[in-house]
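With the hints as constraints, model all of the structure from the sequences given.
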Amino acid sequence: MTADPHRPWLAKYDKAVRPNLEYPEMTVPMLLERAAGEHPNHPAVEFFGASVSYRRLLGRVRAMASSLTALGVAPGEHVAVMLPNIPQAITAFYAVLTAGAVAVMVNPLYTEREIAFQLRDSQAATLICLDLFWPKIQAVRGETKLSRVIVTSVTDGLPFALRVLAALKSRLSGKQAATPCDGKTVIAWKRLAPGSKNAPAPAAARASDPAVAQYTGGTTGTPKGAVLTHANLTANVLQCREILHAIGRRPERFLAVLPYFHIYGLTVCLNLPVAIGATILPVPKFEPAGLLALIAKRRPTIFPGAPALYAALLRQKDLAKFDLTSLRFLVSGSAPIPPAHMQKFKEITGAEIIEGYGLTEASPVTHFNPLEGEKKPGSIGLPLPDTLTRIVGDDGREAPVGEPGELWIKGPQVMRGYLGREAETAQALSDGWLATGDVATMDADGYFYIVDRKKDLIISGGYNVYPREVEEVLGEHPSVREACVVGVKHAVRGEIIKAVIVAEGNANPAKEDILAFCKTRLAPYKCPKQIEFVDELPRTAIGKVLRRNLKEVE
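Numbering (our numbering), first residue to last: 1203 to 1756.
In short, the hints are calculated from the structure, not lab data. One should not assume that every hint holds.
To be verified - Under the rule of at most 27 Å between Cα atoms (straight-line distance), these lysine-lysine pairs were calculated in the BS3-like manner:
id, residue 1, residue 2
1, Lys1546, Lys1214
2, Lys1753, Lys1657
3, Lys1487, Lys1546
4, Lys1338, Lys1746
5, Lys1523, Lys1499
6, Lys1578, Lys1657
7, Lys1731, Lys1691
8, Lys1499, Lys1548
9, Lys1577, Lys1214
10, Lys1577, Lys1656
11, Lys1691, Lys1713
12, Lys1578, Lys1612
13, Lys1577, Lys1612
14, Lys1548, Lys1338
15, Lys1487, Lys1548
16, Lys1656, Lys1753
17, Lys1657, Lys1721
18, Lys1548, Lys1577
Unchecked claim - Between beta-carbon pairs, the in silico distance windows are:
id, residue 1, residue 2, range
19, Ala1625, Asp1520, 51 to 57 Å
20, Val1736, Glu1605, 32 to 38 Å
21, Ser1632, Glu1314, 34 to 40 Å
22, Lys1713, Ser1253, 51 to 57 Å
23, Asp1520, Arg1408, 49 to 55 Å
24, Lys1713, Glu1227, 55 to 61 Å
25, Glu1605, Glu1224, 31 to 37 Å
Ideal placement from N, C-alpha and C gives every residue a C-beta, glycine not left out.
Below, the structure written as structure tokens:
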């Protein structure tokens, strides 16, 4: 490949990867329709022994889409989906889009205040949720525009025998979820979507239409709905499939533990496997021992995850007893993964962890390390095909190789904008370029490295301190399992550095020992001035540390 001075990463692509792709005018449901046409009898979803073929899944989706239309859901309307990773979440997502509506994926772990805000901001009139979450919805419903709630149960996706056992267990325990289904404003899922494969499909949306309003803190911390079109989402699937070119050459089985209410899970654990006709193994709740047993029994081949998830598995004392050799690739995102963890997983499974990067506003994937080529430690890898990337300095000019600056992205996967927020959209997007809010560098080969979040930069006594650098040093201490560094206000220095630490195992390190360790590895202005020990760090659903929570607690 001829060297491109503006895109040095192209020379590092695997030979099978094309730098430029064709993007047909297609909607997200077309991925499912094509899979059902090419692999009608292949299992699309396996869940606790229940298997659903692609043909049957498409029938369920069309039936539910018709039901939504009959209920009055109009094209372009926002429909909220608040479900864990269960088969109904898959059906609901594709049905909402097939009906021409826009999916608003809601985290079931949110507080009532957070749920109410997202429902109000998106102006969703319809919500599809789990019966266990009904009390939250009942509490906030009056604050929203909800006119109908469709309620399902985990048991609705189980085989008949397990449904009977689950119902009996609920009755005996007295823990049945009480949901007042009246058939009009509160509707039972099983009465709405009978699964008729002959149900007519509503009019399809266009590729340029919004598909998802995915809420994110963005670069300012204010919850905003990133509007992603069908074209954005399908383009990102094609880009991921190209860079991970070996995926799909044989029948694949995707372990779907990343939640579908997060864009990372929605793309790599749902749309990508559907696009290649793979079998999806939904996991409604992450539990390390149970997940290891599931891998050994169900034999997935692809395992998209996050560093915190992989770390939790490695800490299992009986890890060696589980056969994990079915795994071919592990795909990691959301945060940097320690090289030692990557090596350990390769020793256990024989498979490599492919580290990448993305953000909600880009559907979300923008970078991946090569599948076969050089993988540089600490790097997020190379930009995906058709993804322009540059490092912009504080002066607005492109930074030289090796110099830090803000990471900017431009490509077919970049969002249309933020829902109802023109000012924030203008701040994030400029001539198609997305300002990510991440500080990064690029080396001479075109590999990118995240230095830190721009907003997380600590300015102490006039010096710039990147939390990640301090965290990496703390992580080298044998008594530290993980650490998070934040800046706290100080009358003289502006900010001082605070380290919040989770100790390793039964270790009980002294603060003085930690400080002495840092002083031998960091400049004085980078060393923590405060140290706090905690049992665990607060995290999002996919394992990102919630730094703002640590700043709030002094």
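Check the structure against each numbered hint from earlier and tell me which ones fail, lowest number first.
14
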